[in-house]
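Given the coordinates of chain U, work out where chain A should sit on it, guided by the hints.
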Amino acid sequence: MSSHSESAAHGHLMFHEHVVPVSTYLAVFITLLIATGLTTWIAFQDLGQWNLVVALAIAVCKASLVVLFFMHVKYNKGLSRIVLIAAVFWLGIMITFTLADELTRHWQINPQPWVGTIVPVVRHLLF
Amino acid sequence: MSTTATVENLPNASAEPQVNYLNARYGVKSWLLTVDHKRIGLLYLCTITVMFVVGGIAATMMRINLLEPQGALVEPETYNKLFSTHGLVMVFFFLVPSIPVTLGNFLIPMMIGARDVAFPRLNLLSWYIFATGCLIMLYVVCTGGVDTGWTFYTPFSTTYSTTDVVLAALSIFVAGFSSILTGVNFIVTIHKMRAPGMTWFRLPLFIWSMYASAIIFVLGTPVIAITLLLLGVERLLHVGIFDPALGGDPLLFQHLFWFYSHPAVYIMILPSMGVISELIAAFSRKRIFGYSFVAFSSLAIAIISFLVWGHHMFVSGESIYAGLVFSVLSFLVAIPSAVKVFNWTATLYKGSISYEAPMLYALGFLGLFTIGGLTGLYLASLSTDVHLSGTYFVVAHFHYIMVGAAVMAFMGGIHFWWPKITGHLYPDLWARIAAAIIFIGFNLTFFPQFVLGYLGMPRRYAMYPAEFQALNVLSTAGASVLAVGYIIPFIYLIWSLKYGPVAGPNPFGAKGLEWTTQSPPPTENYLKIPIVTEEAYNYETAPEPEVVRV
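Those sequence lines, one after another, are chains U and A.
Start counting the first sequence at 12; every next residue gets the next number (our numbering).
Start counting the second sequence at 314; every next residue gets the next number (our numbering).
Isolated chain U (complex conformation):
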């Protein structure tokens, strides 16, 4: 870009690209393959209520490896990390509010008036 060449001409190189050795990429790639195999194997084991948790835990680890190494977030600071944090935060918003609906759907639709619930508690505490 023009701004890049101009800055370079002034002796300030704007971009310091970190060169990652191929061995690191290979190691990450093999780890991802192993994790994929693990996910497949786990899918055929019945862990009861842990089924989902284990599958998601492996998926999060894999995603983290991709983001940190393949997408270079491990070597970049500042704006790149802000973007990553914002994305994760937004994912959190989506999951939290969706669960806020899902987990409260069975709650009583017509709750007792506050007075009716609070007064006995206060009376119990005071007397």
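Just so you know, these hints were derived from the structure itself, not from any lab.
Remember, predicted model here, so these are calculated numbers, not experimental data.
Take these hints with a grain of salt, some might be off.
[To be verified] Take a look, some chain A residues computed to stay more than 10 angstroms from chain U by CB distance: (1) Thr456; (2) Leu612; (3) Ala635; (4) Phe644; (5) Val652; (6) Val797; (7) Gly825; (8) Pro835; (9) Glu847.
[Stated by the list, open to error] Part of the chain U face toward chain A, derived, beta carbon under 7 angstroms: (10) Trp101; (11) Met105; (12) Thr109; (13) Ala111; (14) Asp112; (15) Thr115; (16) Arg116.
[As the list claims (entries may be wrong)] With a Cα cut of at most 30 angstroms, we get these calculated DSS-like pairs of lysine-lysine: (17) Lys505(A) with Lys85(U); (18) Lys73(U) with Lys88(U); (19) Lys73(U) with Lys85(U); (20) Lys505(A) with Lys88(U); (21) Lys599(A) with Lys841(A).
The beta-carbon is built from N, C-alpha and C at its ideal position, and this holds for glycine as well.
Coordinates of chain A only, in the frame set by chain U:
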């Protein structure tokens, strides 16, 4: 003109035609392989104009059908396809891209004093991706259409619809990648490519609003892409995700869909607000009142827009407690929106106001956006929404925002920057007449729909009880007026390309870097990179306009 050092390099407007981005190269290939942000903006303008016509034809046929209670034109099944086509095409292929990809592409580098966007080839790629999405959608429309509505609600879309739902969803999936790439491009451009002296708080407010929209593009669009992918997976492979019969949850689809699609409304309106800030400052010849409040309200709207989606689901079976939270959060959006409206109004106060066509659109925007915004509060209230949800009140409300506000701003922006884009002036009298016709036609079309909705007429029906006919005829009559209002600018803008008087660098006497270079600009935008030394909208140092002010 103290903002830049380029002025002395500008040739005289009356001299020989200058080399600019339009005449620097000729031929179809020079357009299809261009990496110039200005040419790409024009490619987008042509594409979305075609899609606007397609969506408009569908709307016209719907309104004609609703002239009679039993339907005057088409079968109910065809009507379903018409409103689906209208919604899908207008939302995903006109409104969402409209201002960002045309005016945004053209103006962002120019306004910040850059020679292009950060990733010019990525910019061209995003047009090709968008055009591919358009072609897929047009193929769907030509081969039988889709009847799910633009919302693709499950389980109808995944199980019962017999139309080509997957291909329609694919078109949006593809076009979504164009949005993401454009958003990334804009964010990086605004962060990294600003001219010397162009600090964040010297940026035109258009840039702030484009920045906020780009954030929504990047954070929201992947969610709709994955949602439509899941829809395709369920429809084709019968994996239970949304269909209760397969162990899925239909409300999950609505959560995921609206997580993107409500912020998408702000993708439409935030750039419009940016345009309006520029227009009101230029035609009041004043700095925008409370610049930083207007700037931050754009970011506030972008953030809050992601917290309100549940208000689309109050009567869908969503938990009443989640509904309460979403209701309160929805009311919060009104605050930054009101900040903008009040600040624009305060800018007008004691301004040197003139009423050229762009300003008429801006003033129209103010009124229509206020009506659209305030009627949204009825729908954000749990109790009134029970009565109004699913009626024509909703249709009227979102058309006041999406057409009344967003399209008015788009038209205003096109008129304001047309001399810069093309180097030619259009006939201002005709432009003002068209703006008035659009305003009248729009209100005649959609105001009766508020009444129809309140009286209980449901949306998306091809037929209606006979007592609603008078208001429906009124609405259809308004749509005809509106159509005339859109056709007139199309004619005189095309006319102006050949016969319009040559525009100087700054026909409106406006502030902003883009007005300091020639019209049309050279391919590099600026012969020298400008150095910015003053705030935005410093109209005390503005040049006199070249066109006759009225």
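Index of numbered hints that the structure contradicts, given in increasing order: Hint 3 alone not satisfied by this model.
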